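Listed below, chain by chain, are the residues.
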Amino acid sequence: MKLTTVLFLLLLVSVGSSAAPSRWRKRVHEPCKRLVFYFHDVIYNGQNAQNATSAIVGAPSWGNNTILAGQNHFGDVVVFDDPITMDNNFHSPSVGRAQGFYLYDKRDIFTAWLGFSFVFNSTEHKGTINFAGADPLMNKTRDISVIGGTGDFFMTRGIATIMTDAFEGEVYFRLRVDIKLYECW
Amino acid sequence: MKLTTVLFLLLLVSVGSSAAPSRWRKRVHEPCKRLVFYFHDVIYNGQNAQNATSAIVGAPSWGNNTILAGQNHFGDVVVFDDPITMDNNFHSPSVGRAQGFYLYDKRDIFTAWLGFSFVFNSTEHKGTINFAGADPLMNKTRDISVIGGTGDFFMTRGIATIMTDAFEGEVYFRLRVDIKLYECW
Amino acid sequence: MKLTTVLFLLLLVSVGSSAAPSRWRKRVHEPCKRLVFYFHDVIYNGQNAQNATSAIVGAPSWGNNTILAGQNHFGDVVVFDDPITMDNNFHSPSVGRAQGFYLYDKRDIFTAWLGFSFVFNSTEHKGTINFAGADPLMNKTRDISVIGGTGDFFMTRGIATIMTDAFEGEVYFRLRVDIKLYECW
Chain A
1 MKLTTVLFLL
11 LLVSVGSSAA
21 PSRWRKRVHE
31 PCKRLVFYFH
41 DVIYNGQNAQ
51 NATSAIVGAP
61 SWGNNTILAG
71 QNHFGDVVVF
81 DDPITMDNNF
91 HSPSVGRAQG
101 FYLYDKRDIF
111 TAWLGFSFVF
121 NSTEHKGTIN
131 FAGADPLMNK
141 TRDISVIGGT
151 GDFFMTRGIA
161 TIMTDAFEGE
171 VYFRLRVDIK
181 LYECW
Chain B
1 MKLTTVLFLL
11 LLVSVGSSAA
21 PSRWRKRVHE
31 PCKRLVFYFH
41 DVIYNGQNAQ
51 NATSAIVGAP
61 SWGNNTILAG
71 QNHFGDVVVF
81 DDPITMDNNF
91 HSPSVGRAQG
101 FYLYDKRDIF
111 TAWLGFSFVF
121 NSTEHKGTIN
131 FAGADPLMNK
141 TRDISVIGGT
151 GDFFMTRGIA
161 TIMTDAFEGE
171 VYFRLRVDIK
181 LYECW
Chain C
1 MKLTTVLFLL
11 LLVSVGSSAA
21 PSRWRKRVHE
31 PCKRLVFYFH
41 DVIYNGQNAQ
51 NATSAIVGAP
61 SWGNNTILAG
71 QNHFGDVVVF
81 DDPITMDNNF
91 HSPSVGRAQG
101 FYLYDKRDIF
111 TAWLGFSFVF
121 NSTEHKGTIN
131 FAGADPLMNK
141 TRDISVIGGT
151 GDFFMTRGIA
161 TIMTDAFEGE
171 VYFRLRVDIK
181 LYECW
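If you're matching them up, the sequences are chains A, B and C in order. No gaps in the numbering here: position 104 of the first sequence is 104 in full-length UniProt numbering, and each next residue is one more. No gaps in the numbering here: position 23 of the second sequence is 23 in full-length UniProt numbering, and each next residue is one more. No gaps in the numbering here: position 151 of the third sequence is 151 in full-length UniProt numbering, and each next residue is one more.
Excised from the complex, chain A in its bound form:
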């Protein structure tokens, strides 16, 4: 074997040893997994017990737990168990449930804070994805954090871009969630 061959091998090794930084750079820019879902929230308003998927459970002293409060619902806390679908049709088969809470936290504009999980138990996905973050819902899109996951989504992290896909008065809204995972295990 010639020295040139040795040096060529050295070069290969050298390239190999920079694998970690290049993986790092890649990790920055491209999701390792991407998923889009819709979920559907029907807020209990005293008259829709059959269909409601969420309920007000906390309110400021000027509000109550049946009707969303004035001042852009500031202080209302809502617990939800919403169906997740693959498309924007409320009647499509659900592939999981979005479970957790949101609270309205600004008096002069609609803004919410979210803490919830996507709980999957379908042939396609098993496990959970956990989310937290601010949802300034008058913006067309807003980003929250994927703070962890279990099962198929073990230890994942990422960003979820939320968009209000539709709403009807103060009873129904549908969110489109574009989940971009940047840490996959």
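Do not rely on the hints blindly, as some may be mistaken.
Put simply, identical chains are the same to the list, so a pair is met inside one copy or across any two.
Simulated crosslink set (DSBU-like; lysine-lysine; CA at most 30 Å straight-line) [as the list claims (entries may be wrong)]:
| id | residue 1 | residue 2 |
| --- | --- | --- |
| 1 | Lys33 | Lys180 |
| 2 | Lys126 | Lys33 |
| 3 | Lys126 | Lys180 |
In short, the hints are calculated from the structure, not lab data. All of these numbers come straight from a predicted model, not from anything done at the bench.
Go by the hints and put chains B and C onto chain A.
Structure of chains B and C alone, referenced to chain A:
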């Protein structure tokens, strides 16, 4: 020195340079730290002020803050400050406190969502571990996310497997928490 | 080229290949970004609707949503939308909003649990930082987790050291937040 020696060294270097990926693979499968604890929740029900470690602080319009609501407690929000023990004995010395909240978020089955911390201040552990996730409590075990930590648990992430170890009516329950940390700093 | 030269190159490669572990060690000890802010909380107490930035929205059965409860406010849940400033002056221009909730979760001492976001929309910072953790507020400083971020703070993680910088009775408090980010993308 012979070329064969050089090549042997090259091989060593080559093995060394793949350390990052193999660490990565290892990180996937084995916790860097594992801890098992129990915590004990005694819900205030209007008659047990002395012993209660938690209280209902939010409820749907059909419920109230003294007694857990119907429909599988849907919408009840509970704040807790529960003792953590090393074994399953409520009277064992506590090694810390589990502090935070849970909320029941499904009408047709018991399911909760948890946001809380383990706060340690013992000779063995100082610092906190922060948790969030869905707790479908009718399942024998369920996984939530370890979303961060401080002190001895600086920057940690992982999975906590929760099991209902015992319960008495709707006043007391004990959870076993098997914490598997996959990111240790 | 001599064998000694080859070996010298080998040494270089060898050093290069240990870059990943040394980066790891470095990551442990030094923040990749550090930011200090103040935020200001004025709790609604039935008489300060004009100035209030937060409101009680959940309380134990022995409390109500207008006045903080006895027993160290145990069980009170507060939703907030607080101005963030660069210095400790309430009247300084705000650079963003701290939005989310805290809840008091101990009967025999003041202790809280926090879930909130810093929402920035200034020339200097765009995006959000998400926080969660226990806040034993009688301690001079306490650490909570930075569990994620978006925009300028895409995917970040870290520790926030909180200090009560001032308070006035049970209506106003100001927190100093020293954010140390250890994962920057």
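Among all the numbered hints in the text so far, which are the ones the structure does not match? Going through the list in order, the structure violates no hint and respects every one.
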